[in-house]
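Q: So for the sequence shown, the working numbering puts the first residue at 745; every next one is plus one.
Don't read these hints as lab results, they were simulated from the structure. Do not take every clue at face value.
To be verified - DEER-style ranges, computed between Cβ atoms:
hint : residue 1 : residue 2 : range
1    : Pro801    : Gly826    : 24 to 30 Å
2    : Ala771    : Ala828    : 23 to 29 Å
3    : Val763    : Leu820    : 18 to 24 Å
4    : Val763    : Ser796    : 14 to 20 Å
5    : Val763    : Ser840    : 22 to 28 Å
6    : Ile831    : Met749    : 39 to 45 Å
7    : Gly794    : Gly823    : 17 to 23 Å
8    : Arg817    : Ser840    : 27 to 33 Å
9    : Ala828    : His752    : 37 to 43 Å
10   : Val773    : Leu827    : 32 to 38 Å
Even glycine gets a Cβ: it sits at the ideal position worked out from N, Cα and C.
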Amino acid sequence: MAQRMVEHARSTRGVAGVVVGATVDLAAVGVDPSVLAEVPVLAPGFGAQGASLAGAPATFRAALGAILPNVSRSVLGAGPDGLAAAIDVAARDVASW
Numbered sequence: 745m746a747q748r749m750v751e752h753a754r755s756t757r758g759v760a761g762v763v764v765g766a767t768v769d770l771a772a773v774g775v776d777p778s779v780l781a782e783v784p785v786l787a788p789g790f791g792a793q794g795a796s797l798a799g800a801p802a803t804f805r806a807a808l809g810a811i812l813p814n815v816s817r818s819v820l821g822a823g824p825d826g827l828a829a830a831i832d833v834a835a836r837d838v839a840s841w
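Using the sequences and the accompanying hints, generate a full structural model.
A: Shown next, in the form of structure tokens:
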């Protein structure tokens, strides 16, 4: 099913993307990471849910350039005084990709 959704998103480039949790084992759900490189991928699960931004290259491999990482819970969890610093850390992690 997951691979079919990716194939559909590929055929409708610019119209559809996919949501793939950063904590998901792509091979276990039958998704080839190289196929994800051709569609926008919203990737929740970084930070508070357990996936690290530093680990994203190993998870998403060839699709890394298509990933839109979601870190909202972890940066908001830093509170008003720590929000800017948490965003800076996340931005540096993504920039290192």
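Q: So, for every hint listed, does it hold in this structure?
A: Checked hints:
no.	hint	result
1	Pro801 / Gly826: 24 to 30 Å	holds (26 Å)
2	Ala771 / Ala828: 23 to 29 Å	violated (37 Å)
3	Val763 / Leu820: 18 to 24 Å	holds (20 Å)
4	Val763 / Ser796: 14 to 20 Å	holds (19 Å)
5	Val763 / Ser840: 22 to 28 Å	holds (24 Å)
6	Ile831 / Met749: 39 to 45 Å	violated (30 Å)
7	Gly794 / Gly823: 17 to 23 Å	holds (20 Å)
8	Arg817 / Ser840: 27 to 33 Å	violated (21 Å)
9	Ala828 / His752: 37 to 43 Å	holds (39 Å)
10	Val773 / Leu827: 32 to 38 Å	holds (33 Å)
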